[in-house]
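**Q** With these hints in hand, go ahead and build the complete structure from the sequences.
Sequence order for the protein chains is A and B.
For the first sequence, position 386 matches number 386 in the numbering used here, and the numbering has no gaps at all.
For the second sequence, position 59 matches number 59 in the numbering used here, and the numbering has no gaps at all.
Derived from the structure by calculation, the hints contain no laboratory data.
Careful, some of the hints might be misleading.
As the list claims (entries may be wrong) - One-sided excerpt, in silico: chain B residues whose CB lies under 8 Å from chain A:
{"#": "1", "residue": "A91"}
{"#": "2", "residue": "L92"}
{"#": "3", "residue": "E94"}
{"#": "4", "residue": "N95"}
{"#": "5", "residue": "L96"}
{"#": "6", "residue": "Q100"}
{"#": "7", "residue": "G105"}
{"#": "8", "residue": "E107"}
{"#": "9", "residue": "E120"}
{"#": "10", "residue": "S137"}
{"#": "11", "residue": "S143"}
Beta carbons: idealized from backbone N, C-alpha and C, even for Gly.
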Amino acid sequence: MSTDIPESKEAAMRMADSDFAADRREHDVRSALLDYRDRIRAGELGALPAILGLVSLVVLFTALKPGTFLSKGNIANLSTQALPITILAMGLVFVLLLGEIDLSAGVASGVCAAVMAKLIVDSGQPWYVAVISAVAIGIVIGTAVGWLVAVVRIPSFVVTLAFFLGLQGVTLRMIGDGGTVPVRDDVIVALANKNMPIWLGWTLAAACAAAYAATQLLRWRRQRVRHLHSRPVELVAAQSAVVAAALLAGTYLLSLDRAPSPLITLGGVPWGVPLVGALLVGCTFVLGRTSYGRHVYAVGGNAEAARRAGINVTRIRVSVFMIASAFAAVSGIVAASRLNSVTPDSGGGNTLLYAVGAAVIGGTSLFGGRGKARDAVLGGLVIAIIENGLGLLGTKAYLSFLITGVVLLLAASIDALARRRRSSAGR
Amino acid sequence: MSGTPVLDLRGIDKSFGSVKVLHDVAFSAYPGEVTALVGDNGAGKTTLVKCIGGIHPPDRGEYRFEGARVRVGSPRDAAALGIEVVHQDLALCENLDIVQNLFLGRERRRGLVLDETAMEEMAHRALSGLAVRTMGSVRQPISTLSGGQRQTVAIARAVLWDSRVVVLDEPAAALGVAQTQQVLEIVRRLADNGLAVVLISHNMNDVFAVSDRIAALYLGRMVAQVRTADVTHRQVVELITSGVAGEPGPRR
Chain A
1 MSTDIPESKE
11 AAMRMADSDF
21 AADRREHDVR
31 SALLDYRDRI
41 RAGELGALPA
51 ILGLVSLVVL
61 FTALKPGTFL
71 SKGNIANLST
81 QALPITILAM
91 GLVFVLLLGE
101 IDLSAGVASG
111 VCAAVMAKLI
121 VDSGQPWYVA
131 VISAVAIGIV
141 IGTAVGWLVA
151 VVRIPSFVVT
161 LAFFLGLQGV
171 TLRMIGDGGT
181 VPVRDDVIVA
191 LANKNMPIWL
201 GWTLAAACAA
211 AYAATQLLRW
221 RRQRVRHLHS
231 RPVELVAAQS
241 AVVAAALLAG
251 TYLLSLDRAP
261 SPLITLGGVP
271 WGVPLVGALL
281 VGCTFVLGRT
291 SYGRHVYAVG
301 GNAEAARRAG
311 INVTRIRVSV
321 FMIASAFAAV
331 SGIVAASRLN
341 SVTPDSGGGN
351 TLLYAVGAAV
361 IGGTSLFGGR
371 GKARDAVLGG
381 LVIAIIENGL
391 GLLGTKAYLS
401 FLITGVVLLL
411 AASIDALARR
421 RRSSAGR
Chain B
1 MSGTPVLDLR
11 GIDKSFGSVK
21 VLHDVAFSAY
31 PGEVTALVGD
41 NGAGKTTLVK
51 CIGGIHPPDR
61 GEYRFEGARV
71 RVGSPRDAAA
81 LGIEVVHQDL
91 ALCENLDIVQ
101 NLFLGRERRR
111 GLVLDETAME
121 EMAHRALSGL
131 AVRTMGSVRQ
141 PISTLSGGQR
151 QTVAIARAVL
161 WDSRVVVLDE
171 PAAALGVAQT
181 QQVLEIVRRL
191 ADNGLAVVLI
201 SHNMNDVFAV
211 SDRIAALYLG
221 RMVAQVRTAD
231 VTHRQVVELI
241 TSGVAGEPGP
251 RR
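**A** This is the structure we're talking about:
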């Protein structure tokens with residue numbers, strides 16, 4: 001590591017690409033932005049497509065339905081609509097990171113919701129027993145799927161397709177043809193139908209914004225002090241500010257009184273939102289900061305390399321299906337709370353495709369190895385906005401199917417093209 | 001400067017089903033020296049390397065490490081002794097960056113959390129120790145690296161762990177001239193740092209450029225283990241192709 005001043009322009013050029021120059025170079029905003037542009041060009045799109053999609057969809061639907069789409073009531077509705085999709089998608093991110101697929105996650109959420117509802121209604125169990133049992137059933141389903149995929153080595157597509165069919169039968173058996181199990185437990189119903197007190201919403205949002213800024217700045221300082229690769233502080237601050245603004249703006253919109261009648265007040269952040277927030281923080285931590293998360297990425301990138309590095313690939317494979325199904329259980333519970341009931345159709349139909357679409361739109365690759373927990377949130381919002389906006393426009397059902405299908409295809413194409421770009425960008 | 005070999009295999013037999021791949025093979029590697037393992041395709045080089053690395057434990061024979069008999073039944077056993085194999089396909093995860101690959105499977109942690117700063121510092125030290133100066137950043141993903149850079153990362157990963165023996169399976173096979181030169185320099189530097197280096201190569205120029213010893217396999221038998229200085233180019237080629245070396249020919 002020489003610290004000589006390069007004598008000629010040529011030497012300076014040479015140094016620019018060696019000696020870990022990029023790690024030791026003072027990054028300013030300009031160079032960081034240039035790096036970002038290079039990354040985008042090389043196919044490292046990150047959250048960009050999802051954010052662009054989100055903004056353009058909001059603009060589109062606001063233009064088409066000016067009074068309704070951005071009304072206070074609809075924004076709250078939108079946030080609860082996105083909850084089950086987002087939770088399901090977040091679990092699926094783990095499976096997609098390995099380049100696998102779980103087609104049964106949707107109907108697994110239905111089975112788990114049915115278990116929960118039956119325990120409360122038929123057996124009179126308290127809500128927590130029902131929830132824990134539902135999640136446990138989810139983990140059991142995930143273990144079975146994971147074992148068949150990782151140990152027996154049946155392609156995940158086939159295993160989960162079989163579970164997709166079989167689990168629908170289980171739900172039908174539990175609830176009965178045409179039956180409905182009502183969900184009336186206060187705590188469960190509150191998840192998607194009740195709101196936090198206004199002050200709690202604000203406190204939580206402010207605390208989250210502060211915590212985010214603090215972790216970002218602390219990390220920046222640690223890297224800086226030890227002369228490691230760090231981003232310019234202006235960008236770190238700007239990113240923290242954007243996150244804080246988004247959190248506070250969302251809280252503001254949801255805290256407005258949205259009651260249709262002036263006689264009552266209705267406002268506050270729905271209880272399901274902090275639940276998703278907690279899951280997001282947890283998953284981001286696990287994927288980004290623990291060796292388990294690192295191993296998930298490694299197995300998704302190159303399973304043979306991971307095996308040779310001493311990683312237990314089988315265990316990782318089983319575990320992601322367990323996570324996906326456990327999240328499916330939570331998603332099923334939230335969906336049951338939103339609809340106040342569980343039917344034999346719960347978790348069927350489009351549920352799974354919406355969730356896969358959400359993860360992919362958010363930026364998780366179907367080829368494995370790339371993706372983040374936040375993709376589920378961004379993509380879940382996109383899907384919910386499409387569903388909600390088309391509903392407001394009174395679009396015919398056939399058209400909604402077509403449009404959602406096209407959006408999913410679009411996201412998968414962006415993923416495939418970016419991947420091609422990446423492989424050709426390698427020097 | 002021979003002394004005792006750090007790695008000493010004797011009478012190794014290995015069969016796959018009815019096919020006997022290694023017959024009574026002896027092989028030694030010495031600290032501070034590069035031992036070139038040569039042989040034609042199918043002579044058993046890769047199988048021998050897999051025996052050394054614990055991927056395919058030998059059927060019969062003695063495996064001695066620093067004079068003591070050991071059992072190496074898995075790659076973990078080999079790694080615990082300080083034996084690292086860099087396979088031809090490198091086994092890197094393209095979606096992860098250099099630091100993440102270097103520490104794959106052996107991440108540094110503080111409690112539950114990965115200790116990224118410590119790993120990044122160690123990565124800097126390891127790559128600087130190999131005098132690697134061609135990387136822009138240790139936070140680059142592998143997918144952005146060239147073939148020679150990837151080879152360097154794979155070698156750095158092998159020597160990050162106080163290894164005693166490093167086996168390189170055709171490190172220069174897919175590289176250009178300049179990159180091959182760089183990798184050979186790294187190979188030499190590893191040996192100069194006191195490691196026992198085993199280099200598999202098909203290229204006689206590379207073998208003569210960096211090795212101190214040559215071990216030649218012919219149809220699953222070890223036909224010669226000699227000092228590089230004692231043999232000629234032509235003799236080594238004869239060992240590889242026919243299993244016997246003629247008298248040293250007239251040096252041209």
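**Q** Each of the hints needs a verdict: does it hold here or not?
**A** Structure-based check of all given hints:
1. A91: holds (4 Å)
2. L92: holds (6 Å)
3. E94: holds (6 Å)
4. N95: holds (4 Å)
5. L96: holds (6 Å)
6. Q100: holds (6 Å)
7. G105: Holds, because the Cβ-Cβ distance from B/G105 to chain A comes to roughly 3 Å (cut-off 8 Å).
8. E107: holds (4 Å)
9. E120: This hint holds: B/E120 lies near chain A, its Cβ roughly 5 Å from the closest one there, short of 8 Å.
10. S137: Since the shortest Cβ distance to chain A is 4 Å, the answer is holds.
11. S143: Holds - the Cβ of B/S143 comes within 8 Å of chain A, reaching about 5 Å at its closest.
Checked against the numbered hints given earlier, the structure satisfies every one of them.
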